[in-house]
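Asks: Using the hints, put the two standalone chains together into the complex.
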Amino acid sequence: MTAIDHTGPLATVAPVISVRDAGIRFKRNRRASRSFKDLFAGSNRRKRADEFWALRNVSFDVRPGEAIGVVGRNGQGKSTLLKLVAQVMLPDEGRVHVGAGVAPLIEITGGFVGDLSVRDNVYLTAGLHGMSRAEIRDAFDEIIEFAEIADFVDTPYKHLSSGMKVRIAFAVISRLDEPVILVDEVLAVGDKGFREKCYKRIEELLAGGRTLFFVSHSDKDLRRFCERGLYLDKGQLQLDGTIEEALSRYSADYGV
Amino acid sequence: MTTASAPTAPTAAAPAATRSAGRRYRHALWLLTVRDLRVRYSTSALGYFWSILDPLVMSAIYWFVFTQVFHRGSVGEEPYIVFLLSALLPWMWFTGAVSDSTRAFIKETKLIRSTTIPRSIWVARVNASKGIEFLLSLPVLAVFAVATGARVHWELALYPLAIVLQCALVYGLGLIVAPLVVFFRDLERAVKLVLRFLFYASPIIYGTQALPDKLHDLAAFNPLSGIFGIYRSAFFPKQLDWFEVAVSVVVTVVVVVIGLVVFRGSEHRVLKEL
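First to last, the protein sequences are chains A and B. Residue numbers for the first sequence follow the numbering used here, so the first one is 1 and each next one is one higher. Residue numbers for the second sequence follow the numbering used here, so the first one is 1 and each next one is one higher.
The shape of chain B in the complex, shown without the other chains (with noise of 0.2 Å):
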C-alpha cells in the first residue's frame, strides 16, 4: 500500500537551506535538555538534590542491607558504597532513560505536531537530560571515593568509552521503545517490569564475577554487564572483563541498528496517531 518513497522523502529536505540540518538538530537538542533541566530545577526548591537523593537513599539501603544484616561473603569488593554507587549511578541514567522514553512522544505531542525538527530528537533528548543528570551525580560518587580511601586506578581513563557505549545503547533503546508504545499501550508497563528484572540481572550490587560459572557467560550477553564494567574498573580492575566490553559493544550497535530500522519504519504513522 506505502509507497517507499513517500515516507522518507519529505524529511530529508525539511531543514532550510539557509541552516545546516545537523547544527539545527544540535541546536534544537541543546534547548530542548536545558528546558527539561530547568523546569526540573525550577519547579523544586531542591532540585539538584532531589535527582542525587535517589541512588543515594538506594544505595544506603543496599549497603545496610548486604553489609550489615547479611554479611555478605565475596559479593562486591570493598568499599561497597563505592562499589554499589559506581554501577547504581550509570543504571539510573539507563532506567531513568529508557522508562521516560516510552512516554517520549506522547509527553510532547503538541509540540511534536507543530514543528518540523527531526522526530528522532524526542528520544535523543530523554537520553540527554538523564545523561547529564548522570554526569552530575559524579561529584557524589568523588566524595563517597575520597570518604572510604577508594584507591583510583588508569582505568578511570575508560570512563568515555563507557559513557558513549551507554548513550549508543539508551539511544536504540529509545528508537525501538518510544515509536511501539504509541501502538502498543500496554508496552509502557512490560517496559517497567523488564527494567525491574534487568536491576537484578545486572552487576549492580554484585560483580559478574560473583556469579556461577554458567550464569557467567549469559551475564556477557546483558550489554550493561561490559559497560558497568568499565564504570567500576576505575576502583576495582578486576571488575573489568573485555569479553564483556566486546559484547556490549556487539549488542550496541545491533540495538541502535534495529532502533533505526524501527523508528524510520514507524515514523509516519506514529504522526498519524499522535
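One chain only, chain A, in its complex shape (with noise of 0.2 Å):
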C-alpha cells in the first residue's frame, strides 16, 4: 500500500473504502449468450471460451474525505474499478469493501421511465437509492430547481430532451446523503453552464467532507477535484500516488 503523505492527520482513520486482490474477469465474447446446445457439448468445449482478466490483483485503501481520480487509457478497468466499488458488480476474486452509502454518478438516466411524468420519477428514483418519501419531499423543490425545468414537473419524462434528463437525474443523485460519490464521465454531456453548476455541486459535496472516486479523461478536472490518483494500466493497478504523479506517469507512458 502507497502511503500518502497528505492524508497524514487522517491516516488512522478507518478506510471508507478497502479493495483488496481485487479481479474480474470477462469472456471476449460477452454479447454470445449460449444456447442450449451448449449445454450438451463436452464439458471442454465450453470451458471459459477466451476469458481476460479486466483487473487484477487491485489493492488500495481510501479514507473518508479523500479525492481519487483514477487515471488511464480506454479499456484498462477505469470504469469496471468504479462498477466494483459502486458494488454493481462484484469481484471474482479478492474483496471490495465499502463501508458507507454510495451515490453513484453512473448512468445516472438508469432508473427513470419514460411513461411516468418527472416527478412521479423522482420519488421513484431517489427512492430506490434509499431516500425516504418525507427526505424527497423536503429536496423535491430544491432538486427541480437544480435541474431548472420546473416548467416540465409533469410532463412524462420521454418528453424531455436529452439535455434535460441528464440534468434532473444529475440533480437526483447528487442530492443523495451519501457519504461517497462516484462519478464516471456522466458530466461529458450538458451544456457548458450547466456542467460548470454540476461541477460547483461536486466541490461543495467535498467540501462537505464527502469521499470522491472520479473516472475522466480531463486532466483539468482531474486536478480540480482530486489530490489523489490511480493510474490503472493492462488490469493492473500501476501506481497508487498523488493526481500529478498518475498523470505524469500516464503521459510517459502513453505521450499525451
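Rather than coming from a laboratory, the hints here were simulated on the basis of the structure. Please read these numbers as outputs of a predicted model, since none were measured by experiment. Each residue gets a CB set at the ideal place from its N, CA and C atoms; glycine is no exception. Be aware that a few hints might be false.
Unchecked claim - Ranges between beta-carbon positions, derived for each pair:
1) W50(B) - S218(A): 47 to 53 Å
2) R264(B) - D21(A): 18 to 24 Å
3) R264(B) - E196(A): 42 to 48 Å
4) W50(B) - E148(A): 34 to 40 Å
5) L193(B) - Y254(A): 51 to 57 Å
6) E51(A) - K214(B): 48 to 54 Å
7) V57(B) - R133(A): 36 to 42 Å
Replies: This is the structure we're talking about:
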C-alpha cells in the first residue's frame, strides 16, 4: 500500500473503501450468450472460452474525505473499478468493501421510466437509492430548481430533451445524502453552464467531507477535484500516488 | 478459480448503515411494484379492465366449450364458471409472473447497473405486481359467485395459506429462471412451452378428482394441484385434498431452496453479462 503523506492526520481513520486483491474477468465474446446446444456439448468445449482479466490484484484503501481520480486509457478497467466500488458488479476474486452508502453518478438516467412524469421519476429513483418519502419531499423543490425544469414537472420523462434528462438525473443522484460519490464521465453531456453547475455541486459535496471517486479523461477536471490518483493500465493498478504523479506517469507511458 | 468469499461478501455489507437492509428492501420493492402498476394503468385508458379481461375471455371460452359444446360429464362442479375462475385467476398470476421473470434482468439492465439494491428484488417485484393484480381480480370471482349463487364454505379462510404458498413457489421459480435466462436465451422459449403444458397439466379446467387413479397420484406432485385445490375449496370443499397440499408445501420449499442456491451462485456472473 502506498501511503500518502498529505492525508497525514487522517491516516488513523478506518478506510471507507477497502479493495483487496480484487480481480474480475470477462469473456472476450461477451454478448454471445449460450444456447442449450452448448449445455450438452462436452465440458471442455464450453470451458471458459477466451476469458481475460479486466482487473487483477488491485488493492487500495480510501479514507473518508479523500478525492481520488482514476487515470488510464480506454479499456484498462477504470469503469469496471468504479462499478466494483459501486457494488453493481462483484469481484471474481478478492474483496471490495465499502463501509458507507454510495451515490453512484454512473448511468444516472438508468432508473428513469419514460412513461412516468418527472415528479414520479424523482420519487422513484431517489427512493430506489434509499431516500425516504419525507426526505424526497423536503428535497424535491431543490432538485427541480437545480435541474432548471420547473415547467416540466408533470411532463412524461420521455418528452424531455436529452439534456434535461441528464440534468434531472444528476440533480437527483447528487442530492443523495451518501458519504461516497462516484462520478464516471457523466458530465461529458450537458451544456457548459450546467456542467459548471455540476462541478460546483461536486465541490460543495467535497467541502462537506464526502469521499469522491472520479473517472475522467480530462486532466483539468482531475486536477480540480482530486488530490490522489490511481493509474490503471493492463488491468493492473500501476501507480497509487498524488494525482500529479498519476497524470505524469500516464503521459509518460502514452505520450499525451 | 473463483474464491469462495468473493461473490457473496460485498452484498452483505452493501446497505447504508443509516437504514436497515430489510426496510430498504421492502421500500424498494414497494416502489418498483407501484411503478409497474402505475405504468400499466397510466399508459392505457382501460388499465384495470385489461388485467381482468384476459381471464374473463379465457373462462368464457372454456365455459362455452365444456358446458355448451361438450356437455362435460363429471369434470368440474357447478357452477362451472366459478369453478373455472377460482383456479384461472391464480393461474394468471403464476403464468404471468413466471414468464415475466424470464425478462426480469434483461428488461431492467440499466437500473441494475446503477443501483445497489439486492438483486433478488428484480424477481420479487415481478411476483409482487402479478400477485397484486391477482388480488385486484378477486372481486370478479366474487361477482360471478354471487350471480350464480355459489355457496361459500369455511375453507375461504384458507385463502391466505394458498396465497403464501403460491407466492413462495413463484418466487423460487423466478430465482431459478431469471438468472439462467441471462446465460441461456433459449430458456425463454422453453419456459413458455412448459407453461402452456402446465396449464393443461394443472387442475384448472378440471379438478384432480376427475383424473383416473394413476394420474391422480402423479398430479399431486404438481405443486399447483394443492394450491389450486385450496382456492377452489372455498366454493367446492370436495376439491381440498390435504395430501396434495402437503406435497405442494414440500415441493415449494425445495423449489425455494434450489432457487436461492442458483441465484447466489450465479449473481456475480449475471451482473457481468448484463
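Asks: Could you run down the list of hints and mark each one as holding or not?
Replies: Structure-based check of each hint:
1. W50(B) - S218(A): 47 to 53 Å: holds (50 Å)
2. R264(B) - D21(A): 18 to 24 Å: holds (22 Å)
3. R264(B) - E196(A): 42 to 48 Å: holds (45 Å)
4. W50(B) - E148(A): 34 to 40 Å: holds (38 Å)
5. L193(B) - Y254(A): 51 to 57 Å: With Cβ atoms ~53 Å apart, the hint holds.
6. E51(A) - K214(B): 48 to 54 Å: Since the Cβ atoms of E51(A) and K214(B) sit about 50 Å apart, the hinted range of 48 to 54 Å holds.
7. V57(B) - R133(A): 36 to 42 Å: holds (38 Å)
Checked against the numbered hints given earlier, the structure satisfies every one of them.
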